[in-house]
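*Asks:* Here is how the chains run, residue by residue.
Number of protein chains: 2
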Amino acid sequence: MTDIAMIEAAAERLRGHARRTPLLSSPFLDEIAGRRVLVKPECLQHTGSFKFRGAWSAVSALAPEVRARGVIAFSSGNHAQGVAYAAKLHGVSAVIIMPSDAPKMKIDNTRALGAEVVLYDREREDRDAIGATLAQERGLTLIKPFDEPQVIAGQGTTGLEIAEQAAEVGVTRADVLVCCGGGGLTSGIALALEARAPGLRARPVEPEGFDDVTRSLASGRIERNATQSGSLCDAIVTPQPGQITFPIMHRLCGPGLSVTDDEALRAMALAFARLKIVLEPGGAVALAAALFRPDRIAGDAVIAVASGGNVDAGLFRQALEIHSA
Amino acid sequence: MTDIAMIEAAAERLRGHARRTPLLSSPFLDEIAGRRVLVKPECLQHTGSFKFRGAWSAVSALAPEVRARGVIAFSSGNHAQGVAYAAKLHGVSAVIIMPSDAPKMKIDNTRALGAEVVLYDREREDRDAIGATLAQERGLTLIKPFDEPQVIAGQGTTGLEIAEQAAEVGVTRADVLVCCGGGGLTSGIALALEARAPGLRARPVEPEGFDDVTRSLASGRIERNATQSGSLCDAIVTPQPGQITFPIMHRLCGPGLSVTDDEALRAMALAFARLKIVLEPGGAVALAAALFRPDRIAGDAVIAVASGGNVDAGLFRQALEIHSA
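Those protein sequences? They're chains Y and U, same order as listed. Per our numbering, the very first residue in the first sequence carries number 20; after that it's consecutive. Per our numbering, the very first residue in the second sequence carries number 20; after that it's consecutive.
The set of hints was computed from the structure by calculation and includes no laboratory data. None of the values given here were measured: they were computed from a predicted structure. Quick reminder that beta carbons are idealized off the backbone N, C-alpha and C, glycines included. Take these hints with a grain of salt, some might be off.
[As the list claims (entries may be wrong)] Derived DEER-like restraints, expressed as beta-carbon distance ranges:
id, chain 1, residue 1, chain 2, residue 2, range
1, U, 31, Y, 39, 20 to 26 Å
2, Y, 340, U, 36, 46 to 52 Å
3, Y, 39, U, 53, 43 to 49 Å
4, Y, 107, U, 31, 36 to 42 Å
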């Protein structure tokens, strides 16, 4: 099970490989939110999202003879790129099973990072069966996107950095809002903060209508999303919280928050104008909650993890068109 | 005169106030350039450009009783915002003289950062006379945009960080391409590198047709631009190199490079897609040269300073529309 020792060991393995992202801020965002807003821009991480941390952590933790046979992952995009690049840098092969309707840029990037991409039809094919067959035939190790202790440990290194960087700017009590799909990043950050910054509290943020984690935290048991399609926030829509991540979030996290697709687009436009960073919708929901849900947050400061920036140019232009004024 | 001791003193004054920007990279950019590309994203600096460094350096170096009377600056935008915010954080007033045709966003931001903005007509009014009158009436101190030793020292702190960060990733011999207007950033970086990383060499990059620094370096004496209008790169078009900055650049810099507006827009689209950062045209010319002038650069690695990201949403959308494919 992931604990602070595993997270610190992951941080050691990531040193010199993953990027230490800065903590950004803008007086213009503070004014909108009515409190100090600190943003952890994981869009600046290798491959454009925090997923590289978990992928590197998991791939680097494998025994060399196991790693040498290669890895396999299921992903609609960000985990795919993280695993592909971590495998490439380790000099081993990666097979990524992606839905055929994943954003084209994410498919192209995954291929360009050296992975073999196998596309499947979400409606008609069983991705688990495809993956199991390939894994068995080639002796590949499955790198799960979130419900895997070494992946959670890798994502948790984001929390170690937040604990240090927030203290440097005098913030020791605040909510830490985290864009949340299966809960790997949220649970990893929660574990790191528990040990290193107990005054900071992780809270998941989800798209409205896809708030399985928020509802699960409220009811105390794993709840499912009614559907998985229809959100712009493709990166963070998952069927339900993980079997490993949920108990961690239930023990440590504050209540979940949710925002609309339009609020995510507005947060993207503000991150463009005020922080000069590129966010994808699913990577902008935590910032959106920090800016547009002030009454649901307590304290003088809030920290928002901006988890990814892998967005097609067309959708980004649309966000700027709708919301820049 | 600015020297390494002044730059290090400026770095001390900037500590905890200016942001230490990271050094970014992408295998996709390396492939385009045919060598390793490291990018120093000063768009992530406070107020969206490196100008905050020089402004903070100059304002913080004033005697308290002088500073208390306020400061004044001439600027079309980025220096304006840097001085306005540095003054605000010091709790003193700032008057900024801006041309009435400066980008609206830069005028709005300068006002929102607490400065009194005085607009003048470039064609018909004498900004120096307007400024001199105001400065005398109110006892304001002029903060020049580049030809001022404490401003150069502040910009030079970018070079101290590049020297450290490049060494951390194993790069000790490379050209450091710098977006260049009057030469404050270029000369400051050149001085820092001379002392701290002598294998790194600063080189100015300018818009084609506005290459006064490149021509001045070639001829050995200060050359002027024929015109100051007609470039998308408004942030870095100046009449001629500075009286203080030019001798420093002449002694230390390699030959200048220039790129077209279209290449700057293409570099903006690639920085969006591959680094997840927002650049303005004038802040993208060094990256454009790193990517599109491979034959003019020597060595296995190149460092590009991305100097600013204060771009209107409309122009940014245009860059993505033309160049994302």
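*Asks:* Determine for every hint whether it applies to the structure shown.
*Replies:* Right, here's what the structure says about each hint:
The hinted range of 20 to 26 Å is satisfied by residue 31 of chain U and residue 39 of chain Y, whose Cβ atoms lie roughly 22 Å apart. Checking the proposed 46 to 52 Å range against residue 340 of chain Y and residue 36 of chain U shows it is violated: the Cβ atoms sit about 35 Å from each other. Against the hinted window of 43 to 49 Å, the Cβ-Cβ separation of residue 39 of chain Y and residue 53 of chain U comes to about 28 Å, which falls outside the hint. Distance hint check for residue 107 of chain Y and residue 31 of chain U: the Cβ-Cβ separation is about 41 Å, which falls inside the suggested range of 36 to 42 Å.
Violated hints for the displayed structure, listed by number in ascending order: 2, 3.
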